[in-house]
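Colleague: Based on these hints, arrange chain B on the given structure of chain A.
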Amino acid sequence: MPVRTIEVKKNILERNDRLAEEVRGRLQEAGVTAFNLISSPGSGKTTLLERTLQELDQEIPIAVITGDPRTLNDAERLARWTNRVVPAVVAGEGGCHLDAAQIAAALDAIDLGEVRLVFIENVGNLVCPAEFDLGEEAKIVVFSVTEGEDKPLKYPLAFREARYAILNKIDLLPHLDFDLPLAIANVRSVNPDLTVFMTAAKTGDGLEPWFRFLRERTGALVA
Amino acid sequence: MHEMSVALEVCRLAEEQVGAEALPRVTRMGLEVGNRSGVVADNLAFCLDTLLAHPPFRAARTVIRRTDDSALRLEWVELDDPELENANIP
Numbered sequence: 001m002p003v004r005t006i007e008v009k010k011n012i013l014e015r016n017d018r019l020a021e022e023v024r025g026r027l028q029e030a031g032v033t034a035f036n037l038i039s040s041p042g043s044g045k046t047t048l049l050e051r052t053l054q055e056l057d058q059e060i061p062i063a064v065i066t067g068d069p070r071t072l073n074d075a076e077r078l079a080r081w082t083n084r085v086v087p088a089v090v091a092g093e094g095g096c097h098l099d100a101a102q103i104a105a106a107l108d109a110i111d112l113g114e115v116r117l118v119f120i121e122n123v124g125n126l127v128c129p130a131e132f133d134l135g136e137e138a139k140i141v142v143f144s145v146t147e148g149e150d151k152p153l154k155y156p157l158a159f160r161e162a163r164y165a166i167l168n169k170i171d172l173l174p175h176l177d178f179d180l181p182l183a184i185a186n187v188r189s190v191n192p193d194l195t196v197f198m199t200a201a202k203t204g205d206g207l208e209p210w211f212r213f214l215r216e217r218t219g220a221l222v223a
Numbered sequence: 001m002h003e004m005s006v007a008l009e010v011c012r013l014a015e016e017q018v019g020a021e022a023l024p025r026v027t028r029m030g031l032e033v034g035n036r037s038g039v040v041a042d043n044l045a046f047c048l049d050t051l052l053a054h055p056p057f058r059a060a061r062t063v064i065r066r067t068d069d070s071a072l073r074l075e076w077v078e079l080d081d082p083e084l085e086n087a088n089i090p
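Which chain is which? The protein sequence lines are A and B, in order.
Sequential numbering from 1 applies to the first sequence in this note's numbering.
Sequential numbering from 1 applies to the second sequence in this note's numbering.
One chain only, chain A, in its complex shape (with noise of 0.2 Å):
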């Protein structure tokens, strides 16, 4: 039978992309900043965001979207410090990333209005959320001193999507063989312009950067 072909030429993630600029339109429209954190499983993200709950949710109302492939675990941790958590939990143990129709509908359940920040807390995986914009202002990437200096280099796309990194865990660099500068240099290999923070969630060491940065960055630090 004759074929005929039809030109596409799409970007195959062209939906995704469209609802990430109705998101980040909404978000922007609320005056509402947006942080995507993407990082490996068990870099410290969930306790970084209960320290900024704990320092900053009075001053700076925040909302966090979590995403997990199974449990809200994650979730159930933030409720402590905040009623606007929206667990995005991605389906089945084979969901690896939030894309941004769930960002969509989870902001559904968000008073915009009350709200001046949301965190995104991604599935714990490297790879495939860097892929994915989800209308966010910025990725930070988080990876800890437990995980090796190559981190960067082993995952570069998310070092390179990302506008800030958060080097957690440096209350343990005493124990550890970690080469920092070797790490920082692997980090600027990849992406020269990465903001980096150093952060320790579990002592709290390193987290007044942090913290300043957010207020600056939602208008709450007047100078």
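By construction, these hints were calculated from the structure, which means they are not laboratory data.
Any given hint could be a false lead.
Some chain A residues flagged as far from chain B (calculated, every beta-carbon gap over 10 Å) [said to hold, decoys possible]:
| no. | residue |
| --- | --- |
| 1 | Arg-15 |
| 2 | Gly-31 |
| 3 | Ser-40 |
| 4 | Glu-50 |
| 5 | Leu-56 |
| 6 | Lys-154 |
What the simulated footprint calls covered on chain A by chain B, stretch by stretch (three residues with Cβ under 8 Å from a Cβ of chain B suffice, anywhere in the stretch; the number is not a length) [as the list claims (entries may be wrong)]:
| no. | stretch |
| --- | --- |
| 7 | 95-109 |
| 8 | 122-130 |
| 9 | 142-148 |
Partial pick of chain B residues on the chain A-facing surface, computed with a CB cut under 7 Å [unchecked claim]:
| no. | residue |
| --- | --- |
| 10 | Val-6 |
| 11 | Leu-8 |
| 12 | Val-10 |
| 13 | Asp-69 |
| 14 | Leu-79 |
For glycine and all other residues, C-beta sits at the position ideal for the given N, C-alpha and C.
Modeller: Relative to the frame of chain A, chain B by itself:
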């Protein structure tokens, strides 16, 4: 992993282009997958082979062109066209 999400989007885009009723007539789809796209072309091909082997498709195949950038595009869709066959009848 996320190659299956991408594969499902390819099928959705194909349906958008040819219409649901024509999906069984799709014979091939051409994609561009860049080596900086974050998508593993072989994994995507595997996922697409799985999806295209089942209805509404009828064993359509994929042709993936690897590029040296971040491209992730559906370039073309090819389908059997009975109208063209009828047009060729002398």
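Colleague: Among the hints numbered above, which are violated by the structure, and what are their numbers in rising order?
Modeller: 1, 9, 11 and 13
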